[in-house]
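Q: If you want the building blocks of each chain, they are given just below.
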Amino acid sequence: MNHHVAREAPATSHSRESEFRANEAIEWPVAFDDVIATTRFDVAEQAHIVVDADVCRDCSTRDCVVACPAKLFVPTADGGILFNYEQCFECGTCYLVCNEEGAISWSYPEGGHGVVFRRS
Amino acid sequence: MAERDYDVVVVGAGPAGSCAATVLARAGRRVLLLERGPFAGSKNMYGGVVYPRVLDGLHPGWWESAPVQRWVTRRSTMLLTADQALTVDFRCASWGRPPYNGATALRPDFDHWLAALAEADGAELVCSTTATGLLRDPDGTVVGVRTDRPDGDVRAGVVIACDGVNSFLAKEAGLFEHNDADHYTLGVKETLGLPKDVIDERFNVRDRAGVDIEIVGGTGAVNGGAFVYTNLDTVAVGVVLKLPALAAQQRRPEEIIATLKAHPAIAPLVEGGEVKEYSAHLIPEAGMAMMPKLAGDGLLVAGDAAAMCLAAGIWLEGVNFAMASGMAAAEAADEALAAGDTSRTGLAGYARRLSGNFVLRDHRKLRRAPELVLSDRVQHVYPQLVANTVEAMFRVDNPRPKPGLRRIVTAERKRLGIRRRDLVRDAITGWKTFG
Chain A
1 MNHHVAREAP ATSHSRESEF RANEAIEWPV AFDDVIATTR FDVAEQAHIV VDADVCRDCS
61 TRDCVVACPA KLFVPTADGG ILFNYEQCFE CGTCYLVCNE EGAISWSYPE GGHGVVFRRS
Chain B
1 MAERDYDVVV VGAGPAGSCA ATVLARAGRR VLLLERGPFA GSKNMYGGVV YPRVLDGLHP
61 GWWESAPVQR WVTRRSTMLL TADQALTVDF RCASWGRPPY NGATALRPDF DHWLAALAEA
121 DGAELVCSTT ATGLLRDPDG TVVGVRTDRP DGDVRAGVVI ACDGVNSFLA KEAGLFEHND
181 ADHYTLGVKE TLGLPKDVID ERFNVRDRAG VDIEIVGGTG AVNGGAFVYT NLDTVAVGVV
241 LKLPALAAQQ RRPEEIIATL KAHPAIAPLV EGGEVKEYSA HLIPEAGMAM MPKLAGDGLL
301 VAGDAAAMCL AAGIWLEGVN FAMASGMAAA EAADEALAAG DTSRTGLAGY ARRLSGNFVL
361 RDHRKLRRAP ELVLSDRVQH VYPQLVANTV EAMFRVDNPR PKPGLRRIVT AERKRLGIRR
421 RDLVRDAITG WKTFG
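Chains A and B, in that order, give the protein sequences. Mapping the first sequence onto the working numbering, position 19 (from 1) lands on 19, and the numbers just tick up by one. Mapping the second sequence onto the working numbering, position 225 (from 1) lands on 225, and the numbers just tick up by one.
Treat the hints as calculated values from the structure; they're not laboratory data. The reader is advised that the hints may include incorrect statements.
[Stated by the list, open to error] One side of the interface only, derived from the structure: several residues of chain A facing chain B at Cβ under 10 Å:
#1 55
#2 62
#3 69
#4 111
#5 116
From the three backbone atoms N, C-alpha and C, an ideal C-beta is built for every residue, glycine too.
Construct the entire structure; sequences and hints are all you get.
A: Rendered as structure tokens:
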């Protein structure tokens, strides 16, 4: 999550009058890691998300993997879930969509830490 | 009664909390305003439009100092299908002059400003401090909060929980009867940098005038909504997604935004914009269907913590509801402290005030709206019906003569498999809800 992924050339960024070609699929021009890198996080030492890996192993839906807007939950080859609390928007989606009772314990990070949306 | 540190502790320096703290400070109460972020507004995001007229009484002339990006003078409602768009575009020049109507603003700016006004009135703002739980008497009455500071217990006569959509305090107090993912939507937004003159040209506005585009049908198979708002030199583009649908459809939020940005009607507005910030937040979408009990013994709940956000399709508001509920909670707390009864009965003035003003009246009137707006037919079928009808009206496929509107609608309705009685029933529900 934290490693930098090279940006694919944003072809349109310098042209104000860039033409739109209908019916042509536009590639997501920027890698997700670069997008989330625009947001400021003052990471706390203590994780505010705790995932019970044993419970996750029995989960067939993996809704957190799809729904977390920060893409913090990643399935592993051996049927577990890897997660990262560092770039968390603190939205609460993961514990609400979680089907497995008690798999995700979620609280707010320590005061002063976590996501910091910017003033203009 | 045990000794207390403050008359009232307000948890969360968002719009509800800061308005509550202002009212209490002006009433001469000792009030502590707790904020878990490093500054007020640092944890907060929304689509981008605030309706501040509710501040006319509390902060007269608020527009002189409010950190506004642009004043919304153009409001568009857009129906999208995969390759069609129908827009109803309304412009109103007077919305660009005092007392204004809606404004685009960044929440870290707006909330910081509002909290500073509370401080100026005498509220004590303490940031970087998370309220971790409620302090209770043996009989269960709330008498303060625990915080994550050393020796961080704070005792108060009344606690006002303005701790946002996840409100752990309201949940701890048992004020929520259920906690159903179906009641929430996830808002995800990209803030895209573009030069001001490019935004002015693309959106056809000048100076500080701005545009609010609300979109139905822009979220693919996931039920929800989408938006594009103009800030001064950024454009906010985002989606609001129903949680269970998002999980069920196996589509990631950033993919849905990418598809929206590539739509022929949206791409020319946002092309070339560099992502300045990516953000997400939950929205308590279900209105009356999810609203908790508003008071416990020693405790009031306001703003998103009490699901006051109004998500009623053509009206999408929240900050104004939060500010009004915060003010009402503060008045009720002041009244209860004066009467020496801060039990839930003593705090009943809160619900009475909300029932008397727009907060609960709008929610009650629009109680059917969230379900209707997020229903499958309104989300996926009717936009196609309307767009196909308009396309058939304006398509000139001579030598065929023009078909009548009624024939077009009937043909499209049948083609999309819409039963007439469903259409009639939804029309009646829509009329009852919005009429």
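Q: Min Cβ distance, residue 55 of chain A to chain B: is it shorter than 10 Å?
A: Because about 17 Å separates residue 55 of chain A from the closest Cβ in chain B, which is outside the 10 Å limit, the hint is violated.
Q: Restraint: residue 69 of chain A near chain B, CB-CB cut 10 Å. Satisfied or not?
A: The hint holds - residue 69 of chain A has a Cβ within 10 Å of chain B, the shortest such distance being about 4 Å.
Q: Against chain B, run the beta carbon of residue 62 of chain A and see if the smallest gap drops under 10 Å.
A: holds, 9 Å
Q: For the hint on residue 111 of chain A, does the least C-beta distance to chain B fall short of 10 Å?
A: holds, 4 Å
Q: Let me know if the C-beta of residue 116 of chain A comes in closer than 10 Å to any C-beta of chain B, holds or violated.
A: holds, 5 Å
Taken one by one, the earlier hints fail for this structure only at number 1.
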